[in-house]
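Visitor: Dock the two chains into a complex; use the hints.
Protein chains in written order, with my numbering: chain C, 1189 to 1654; chain Z, 10 to 153.
Careful, some of the hints might be misleading.
Simulated pairs of lysine to aspartate or glutamate, DMTMM-like, Cα-Cα distance not exceeding 20 Å [as the list claims (entries may be wrong)]:
| # | chain 1 | residue 1 | chain 2 | residue 2 |
| --- | --- | --- | --- | --- |
| 1 | C | Lys1257 | Z | Asp142 |
| 2 | C | Lys1250 | Z | Glu140 |
| 3 | C | Lys1541 | Z | Glu34 |
No wet-lab data here; the hints were simulated from the structure.
Every value quoted in this text rests on a predicted model; they were computed, and no experiment measured them.
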Amino acid sequence: MPPVGTETNPLRVAIVGSGPAAFYAADHLLKHDGLHVEIDMFERLPIPYGLVRSGVAPDHHKIKSVTKKFAEVASNPRFRFYGYVEFGKDVDLSDLRRHYHQILYATGAQTDKRMGIPGEELNGSHAATEFVGWYNGHPDYRDRQFDLSQERVAIVGVGNVAVDVARILCLTPDELAVTDIASHALAALRKSRVKEVYLLGRRGPAQAAFTNPEIKELGNLAGADAIVLPEEAQLDDVSRAALEASDDRATRKKVEILQAYAAREPAGKSRQLTIRFLVSPVELIGNAAGQVVAIRLVKNALQATAAGTLSPIATDSVEELPAGLVFRSVGYRGAALPGVPFNERWGVILNEKGRVMDPETQRSVVGEYCSGWIKRGPTGVIGTNKSDSVETVNCMLEDLAEGSILHPSAPQASKMEELVRKHQPRYLSFADWLRLDEIEVNNGRAQGRPREKFTRIEDMLAAAGR
Amino acid sequence: MKIESILATKSSNVVTVRPDLSLKEAVDLMAEHNIGALIVVDEAGRPIGIISERDIIREAARTEAVFDLTVSRVMTKELITASPEDDLETVLQTMTARHFRHLPVMDRERLIGVLTIREVVEAQLDRWQGEVDTLQTQISEGQV
Ligand SMILES: Cc1cc2nc3c(=O)[nH]c(=O)nc-3n(C[C@H](O)[C@H](O)[C@H](O)COP(=O)(O)OP(=O)(O)OC[C@H]3O[C@@H](n4cnc5c(N)ncnc54)[C@H](O)[C@@H]3O)c2cc1C
Ligand SMILES: NC(=O)c1ccc[n+]([C@@H]2O[C@H](COP(=O)([O-])OP(=O)(O)OC[C@H]3O[C@@H](n4cnc5c(N)ncnc54)[C@H](OP(=O)(O)O)[C@@H]3O)[C@@H](O)[C@H]2O)c1
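Just chain Z, with the same shape it has in the complex (with noise of 0.2 Å):
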């Protein structure tokens, strides 16, 4: 199962923020879309790194003015990004061996989506759920 059938259920907008940003606006936007993390884009609107909630909290836990930096002085810049082909297997066991929590997907060049773990980790679990369900009625249907 390829991560694009999680795609095919979620809006495809993704909430974006430019680097120059204060953090103080970026966790307002956090905040109103209720999300974890955001996609810092550059002018072009082409990701060049993301900023998550841990990035924040590690960062107050440093700096008293936290909210006065900037974007890109806290967010992480070695930014993956996944494609809708990558297998959703795959994805789940890049995200938890990396501790990443949200991963852009990028269809060529353009941002469609960011995945949270917890979506890969109900997908997959669905799909084991399925199976599950799918066998039951079989031996369900045996025993009568």
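Just chain C, same shape as in the assembly (with noise of 0.2 Å):
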């Protein structure tokens, strides 16, 4: 028998899910020198790319032209997708362990993380996942509802997530119209009575997680007006020591943006966008009903912790902000997978640099890897997957060169295939999501937009003939 990788026995790999940590490992494997290897991703929606599909803002159309490139990696021949399958349901540990050499796990963060407040469960309390979700038409989230009759709302964290949150709710309904923001999402819009949307942050200007562009874009919508408050865009002594001593230009750059919203007048648009800083939620107040009414937030000082990080203290004072609809968007978190190890402390997979760790013995497991949001946690923008799946594939690559690999009894590629249509027939290949692409921009062409999204699993599978 040749060695494992050559072009009479080549090394095959499942890799599971296909956002862009699994199409950058794809990539980085088909393209290594002299390695014959077959790749096969399974998705557990029939369709493929992730968050750049259901994460990314609809009005952020640019940042999806990364699918055209994981596109071209689908095209290698030795490359399959196998959409609608879900690794734990349709295919297991074991199954995978019979075909494949290596395995890679690259699921993203299915979650959400808590505020661990009391009132959280009250309805009209939803987390930004959710919402996202729906108004990117992730099947899922397809059929939530969120009552946007309510007249202000407010947004937990001020991460870029929390600002494509508030973005999405202060764009005018023909801004909208123009994305590819899911047909029931905008309808739903249309008919929005938001007037103010709050951001909460519990630390100061200098520590906010958004990014300049983001806040940037803020301050120029149509229909909003960004505003700052005075006294909380003003650095208190310990920032501004901090600031000062430091070469962080983008931070800097970040201050005097926020300073300049909280120096100008509203243009009297008919919504109003409030970024709060230095205040934490500490419960949200129901009513009778059980419906959120309003959230009650604790001003907060900043101390610097040992190694100089500045953090929130909660102070004596206390204030009630009254809102209808509150979304936490304080991180996503990861789902453990069936049979796999997981670090519930970060919610990942146990894994060092990739390589997936037994608990037990504290070595590294044979044969499986993970990369991007299941790796390392639910940071960074899509580009930071790339180097992330290098690093794995690179342990990959190590391992069979020393022959550190699975021995699948079955490693041929119909032997699978002939396992998937027993599981899941009704599997979409990627010749099928190109042809519901095509479908999905024909659609979205004739109402002036870059595509109609499908938002249910069976539309998907229907319109693929199966």
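Guide: Okay, structure coming up:
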């Protein structure tokens, strides 16, 4: 038998997930000189691309052009896509072990973090994750309801996801109508009565997690004034000293932008988007019907940790902010996969540089790897997953060179296909996706939109003739 | 970004040493694990200091029989620790400004990792590179 990775005995790799981490890993493997590799990619949804499709905001269309690169990767004859095949349901670890030399998990962060405060369960209190999935047409969130008849909305957290949510709530129907926002969301947002949106940061302007282009965009919205309270835009002494001591130009710029918002007069646009700082929610207050009506905030001061981070310390000062709709946007969280060691502390697969680790032996599990958000946690832009996946793939190549791989009993592509056909006869191929893609784009074009998304699994399957 | 995302891809096994061990034993441990510093812990496993290659070399320049000294003689006692929620950028700044090459990380009372300056710098570079890569895809798309 020739060695694994050669023409007559190709390295067989299963990749679970089809977001950026999955595609960057596939690309790096396929481009590796002299390696003969066959990649099968499994995605629980019928369609690919993970958060590029269901996370990236509809009005940030350009970002999504990265999918053209991914489609190029998928066009390699040694690549195969199995859409609507879920790991842990339609195929499991023992199936993959029988058919592949290496398995890579790139399943992202499927759930959200909680604030852990009373009232979080009230009606009208949601995770940003759900809202984002809903407006982007993720089938899991297709039928969620958000009460957009409320006039005041509070968003907890000041990361880029919080900014996305705020912006979607503030865009005018005309602005939304030229995006690929899900049609059900467009219809609901057209009727929105939201007038005031609050972004709530627990630290100061210099510590805000959002990035400069995103916060600049908020200042140029056609339908909403961006407002910062002058007293909250001023840096406290510790922040000022820390900023002066550093050469961090991006943060300086961020503070300048926010201070400029604080200094300007609102133009009287129909909505107001207020960015608050140094406040932490301590409770969501409900009415008798169990509906959230306000959010209790405690004012924070900042204190340096031993390592220098300025972290929030609650003061005695408390205020109530009326809000009928609350989104927590305090981060995503990975979900455990059946049979795969999980690190509860960080919400990631237990790993070292992408090699899955056995918690008992503290050694790496032969043939299993991870990359992307399920490896390092839910941070970073699309491109960050590239170096992350390259690190993992390099571990895979090192292990291959040392012969530390699985020994599948049926490493033939046809055998796996047989198994998938049996477990999930309605699976979609990449060619099926390209057809759906074309239909979506055509349907969108008729309305002057980049695409009109399928938002139900049944519709996707039907369109693909399943 | 917080340093927890570096810790998420690292083993939480930290190589520690007791203060009454000899430097020879400490050096053996460092060689065995291929690391540049050891966290010194008391009986309860609480960190009380750190001993690095640098500390040992500095002492070796002064003391002929350096290997017979105990760890506690040579270790740095003012131990600065981080927590997983510390910001990556601040940690990088602190480590550079104070010339730390290793930073122990505590999760409340528990020692859960040691970050090296290299890991912190790499994480920051990856972050920038990720932003550059993301932008480049958009620019090249714009030119098509
Ligand atoms: C709301 C939001 C907006 C964002 N906007 C931007 C932006 O504008 N620009 C930018 O650069 N970055 C943005 N990001 C960040 C970017 O989306 C992430 O860095 C990236 O998507 C993470 O890639 P991933 O492959 O690890 O995970 P994901 O993209 O989440 O992909 C994981 C895939 O795995 C699949 N999967 C999960 N479990 C299973 C299973 N059991 N079996 C089979 N498949 C499974 C999922 O369905 C999904 O398709 C945004 C993130 C969010 C949350
Ligand atoms: N346009 C884009 O490029 C884009 C768009 C969307 C997302 N993304 C990327 O996707 C990643 C995830 O974004 P994200 O916004 O989910 O995460 P994030 O950037 O980590 O932001 C999380 C926010 O929640 C706050 N927070 C956490 N716990 C809290 C609590 N208990 N109470 C109050 N506030 C709390 C954080 O504050 P502290 O800082 O004080 O912890 C921070 O402001 C990021 O890397 C982001 O850049 C990029």
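Visitor: Hint by hint, which ones does this structure get wrong, listed from lowest number up?
Guide: 3
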